[in-house]
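Participant: Chain by chain, the residues run as shown.
2 protein chains.
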Amino acid sequence: MEELVLEKAIQDIYPDDFAWCYGCGRLNKDGHHLRTGWQGDKTVTIFTPESKHSGGIPGFIYGGLIASLIDCHGSGSAALALHRKNGNEIGDGSIPPRFVTATLNVEFLKPTPQDVPLKAIGTVEEIHPKRWKVHTEMFANDILCARGEVVLVVMPSTFRKKK
Amino acid sequence: MEELVLEKAIQDIYPDDFAWCYGCGRLNKDGHHLRTGWQGDKTVTIFTPESKHSGGIPGFIYGGLIASLIDCHGSGSAALALHRKNGNEIGDGSIPPRFVTATLNVEFLKPTPQDVPLKAIGTVEEIHPKRWKVHTEMFANDILCARGEVVLVVMPSTFRKKK
Chain P
20 MEELVLEKAI
30 QDIYPDDFAW
40 CYGCGRLNKD
50 GHHLRTGWQG
60 DKTVTIFTPE
70 SKHSGGIPGF
80 IYGGLIASLI
90 DCHGSGSAAL
100 ALHRKNGNEI
110 GDGSIPPRFV
120 TATLNVEFLK
130 PTPQDVPLKA
140 IGTVEEIHPK
150 RWKVHTEMFA
160 NDILCARGEV
170 VLVVMPSTFR
180 KKK
Chain E
20 MEELVLEKAI
30 QDIYPDDFAW
40 CYGCGRLNKD
50 GHHLRTGWQG
60 DKTVTIFTPE
70 SKHSGGIPGF
80 IYGGLIASLI
90 DCHGSGSAAL
100 ALHRKNGNEI
110 GDGSIPPRFV
120 TATLNVEFLK
130 PTPQDVPLKA
140 IGTVEEIHPK
150 RWKVHTEMFA
160 NDILCARGEV
170 VLVVMPSTFR
180 KKK
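The listed protein sequences derive, respectively, from chains P and E. Under the numbering used here, think of the first position of the first sequence as 20, with each following residue one higher. Under the numbering used here, think of the first position of the second sequence as 20, with each following residue one higher.
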């Protein structure tokens, strides 16, 4: 799998008020700063965990961190897809939609090794204009280690008004 | 819901080599130190997130952290239950079994407020001697905010030999 650096990520253009997520908010200085962009018609998030992110098995990654990656990759992917459906792209000045997670399902297929970049690749499915599903495969060293399915809903306007 | 301090938690007696999990390892100084114990025939994990653990919605908790809580609560609950099935209890000097997560399903029912303790309450189901399921309800301020279902398998001996 070729190395990929995402030039444009949907999280780069979330409104400031909604850019504080511990997983993917660019303004949360303590967070993971996950970034999700297009690669053809797939969505991609790449993340290299820190050594502290060990799991129950020595030398392998914490499952909760993998779930976190799949969660934020899901909301970023849905935002990318709806943004594009609305006729917009990152960089055209438009504000992207924000999603919240309804359900998060993760299947751990193999222990995920530490000290390598993790790559989540997503396929986005619209199941309703306000309800989207993201199918994710997560690779470490080109090996499929986890699979995820996330259902997300467009963030209600009541949340958007809150600050 | 009454305040509860867990005197005995299964994570307190995991073998040192398997006590480094970012979520629940007592030896991981950067981790969450989740602790899971019995409350009657239910299992309980209580955790108060830090202010940095914000989600995409201002004032609410990151879903990936909730997934992490439900994951470690699941493996702790399964370990408690199999330990008891084997005739052992925390404090009798016996070494508890360790589990790894096979699948993690989380349903986010309501946004989870920040700055309050989260309480996960689990019901453990044996579906096979080496495969257990934990049904979890997660409360914040006595309000059910998330529901989880985790399938766990006894950690293979090949992992146990690894160091």
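It is worth saying that the hints were derived from the structure and are not from the lab. Please read all numbers here as calculations on a predicted model, not as lab measurements. Just so you know, not all the hints are guaranteed correct.
List time: in silico BS3-like cross-link candidates among lysine-lysine, alpha-carbon distance up to 25 Å [stated by the list, open to error]:
| id | chain 1 | residue 1 | chain 2 | residue 2 |
| --- | --- | --- | --- | --- |
| 1 | E | K27 | E | K48 |
| 2 | E | K48 | P | K48 |
| 3 | E | K27 | E | K104 |
| 4 | P | K71 | E | K48 |
| 5 | P | K27 | P | K152 |
| 6 | E | K27 | E | K71 |
| 7 | E | K104 | P | K48 |
| 8 | E | K61 | E | K104 |
| 9 | E | K152 | E | K61 |
| 10 | P | K152 | E | K129 |
| 11 | P | K152 | P | K61 |
| 12 | E | K152 | E | K27 |
| 13 | P | K61 | P | K129 |
| 14 | E | K27 | E | K61 |
| 15 | E | K27 | E | K129 |
| 16 | P | K129 | P | K71 |
| 17 | E | K27 | P | K129 |
| 18 | P | K71 | P | K27 |
| 19 | E | K129 | P | K149 |
| 20 | P | K71 | P | K104 |
| 21 | E | K152 | E | K104 |
| 22 | P | K71 | E | K71 |
| 23 | E | K104 | E | K149 |
| 24 | P | K129 | E | K61 |
Over the 10 Å line for every Cβ pair with chain P, so calculated as not near, a few chain E residues [unchecked claim]:
| id | residue |
| --- | --- |
| 25 | S94 |
| 26 | I114 |
| 27 | P148 |
Cβ coordinates follow ideal geometry from the N, Cα and C atoms, glycine included.
Participant: Work down the list of hints and note, for each, if the structure agrees.
Facilitator: Hint-by-hint comparison with the structure:
1. K27/E <-> K48/E: 20 Å, holds
2. K48/E <-> K48/P: With a Cα-Cα distance of about 20 Å, the restraint between K48/E and K48/P holds, given a limit of 25 Å.
3. K27/E <-> K104/E: 17 Å, holds
4. K71/P <-> K48/E: Within the cut-off at roughly 8 Å; holds.
5. K27/P <-> K152/P: Cα-Cα ~22 Å, so holds.
6. K27/E <-> K71/E: 28 Å, violated
7. K104/E <-> K48/P: 45 Å, violated
8. K61/E <-> K104/E: Holds, because 14 Å separates the two Cα atoms, which is no more than 25 Å.
9. K152/E <-> K61/E: The given pair, whose Cα atoms are some 13 Å apart, holds under the 25 Å limit.
10. K152/P <-> K129/E: Holds, at about 19 Å.
11. K152/P <-> K61/P: 13 Å, holds
12. K152/E <-> K27/E: 22 Å, holds
13. K61/P <-> K129/P: 23 Å, holds
14. K27/E <-> K61/E: Between K27/E and K61/E the Cα gap is close to 14 Å, so the pair holds against 25 Å.
15. K27/E <-> K129/E: This hinted pair is violated, its Cα atoms lying about 30 Å apart.
16. K129/P <-> K71/P: 20 Å, holds
17. K27/E <-> K129/P: 31 Å, violated
18. K71/P <-> K27/P: 28 Å, violated
19. K129/E <-> K149/P: 17 Å, holds
20. K71/P <-> K104/P: Measuring from Cα to Cα gives roughly 39 Å; hence the hint is violated.
21. K152/E <-> K104/E: At roughly 15 Å apart (the allowed maximum being 25 Å), K104/E and K152/E satisfy the hint.
22. K71/P <-> K71/E: Within the cut-off at roughly 17 Å; holds.
23. K104/E <-> K149/E: Distance of about 12 Å is within 25 Å: holds.
24. K129/P <-> K61/E: Violated: K129/P and K61/E sit about 30 Å apart, past 25 Å.
25. S94: 6 Å, violated
26. I114: 14 Å, holds
27. P148: About 19 Å separates P148/E from the closest Cβ of chain P, which puts it past 10 Å; holds.
This entry does not satisfy hints 6, 7, 15, 17, 18, 20, 24 and 25, going by the numbered hints stated previously.
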